[in-house]
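**Q** Chains as they are written, first to last, in my numbering: chain A, 1 to 195; chain B, 1001 to 1101.
Worth flagging that the hints you see were computed from the coordinates, not collected in a lab.
Hints should not be assumed to be uniformly reliable.
[Said to hold, decoys possible] For the chain A half of the interface with chain B, some residues (derived, Cβ under 8 Å), not all of them:
#	residue
1	13
2	16
3	30
4	36
5	43
6	44
7	45
8	103
9	147
10	150
We put the CB at the ideal spot given by N, CA and C, even for glycine.
Here's the letter readout for the chains.
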Amino acid sequence: MFEAIAFYLFAALTIVMFTITVMTSQALYALTAMAAGMIFISAFFFILGADFLGAIQIIVYTGAVMAIYAFGMMFFDTTRNVVEKRSNPRFVVVLGALAAVLVVFIVLAPIVTTNLNANYPIDLAVGNSQAIGMVLFTKYLVPFELAAVMLLVAMIAGIVLAGKKMDKSLTLMTEEDIALMHDSFTHESTQEEAH
Amino acid sequence: MEITLTHYLVLSTVLFAIGLIGVMRRKNLLMLFFATEILLNAVNIGMAAISHYRGDYTGQMFAFFIIAIAASEVAVGLGLLIVWYKRTGKIDLDQMTSMRG
């Protein structure tokens, strides 16, 4: 009973939050609504008994990912609205129909495949975090190491990409200076192309 | 009033559809990244639910790796977005036509 109440409550909250994220025109509203939605999603993980996954969801998504987004948004002029024009409605309709067919197959998949066996069955004697650790460091050790290398590569890429021209502040400069800087950028790039 | 696997899969599908709507209607690249995060989270719910109802840890493992992929995607994507913004001053998807595609 309580599980049903929790499920429907958090399902409604998550859907509302993500709808706000998708539909709002303000970047700051979208960011905060998505942070709230991420925390509500972790509730599902706790209901499902995946305690460690719920904790990771809160730490990684609302802690790290949202902080990166908030940090990145400081670089952009978010007060300026991006004009969202829809030029080709037929394209969107075709894409939507394709996506709907795909989703039907995704939902049908667990009904079609009924004779599944558990590879790593859940043992209720040990806690979730302990069991996750045992499975992760025995059966999934190579993917775990690959994920670690991937995160390192992503970190270096982020530092290198965002760290360029860090000494120039776009928010404190006037529009003319920014335009001048962009001109020098394009000038440099044309010079590079000439060489 | 028992919550079954189908409830969670329907919720996952609804959230995935919301993310797809976001991917299709957004022209602001930052908002497009938000929509991809919603897609990844919708899949994570489905993974955790299947893991619980089938009694298998594999679903949770895949959810972990999806979270790791999402984190690195944000780092690289936002870095590229910052470079693009510094060069052009825009984060509009329609104006990224330097490849004449």
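**Q** Could you run down the list of hints and mark each one as holding or not?
**A** Okay, the hints, checked on the actual structure:
1. The beta carbon of residue 13(A) comes no nearer than 11 Å to any beta carbon in chain B, farther than 8 Å, and the hint placing it at the interface is violated.
2. With a least beta-carbon distance of about 10 Å to chain B, the hint placing residue 16(A) at the interface is violated under the 8 Å criterion.
3. Because the closest C-beta pair between residue 30(A) and chain B is about 6 Å apart, less than 8 Å, the hint holds.
4. Proximity of residue 36(A) to chain B is violated relative to the hint, the smallest CB-CB distance being about 12 Å (cut-off 8 Å).
5. With a least beta-carbon distance of about 10 Å to chain B, the hint placing residue 43(A) at the interface is violated under the 8 Å criterion.
6. A cut of 8 Å between beta carbons decides the hint on residue 44(A): the least distance to chain B is about 6 Å, and the hint holds.
7. Hint status for residue 45(A): holds, given a least beta-carbon distance of 5 Å to chain B, under 8 Å.
8. Look at residue 103(A): its Cβ gets to within about 6 Å of chain B, closer than 8 Å, so that hint holds up.
9. Evaluation of the residue 147(A) hint against chain B yields a held restraint, the C-beta minimum of about 4 Å falling below 8 Å.
10. The closest approach between the C-beta of residue 150(A) and any C-beta of chain B is roughly 5 Å, which is under the 8 Å cut-off, so the hint is satisfied.
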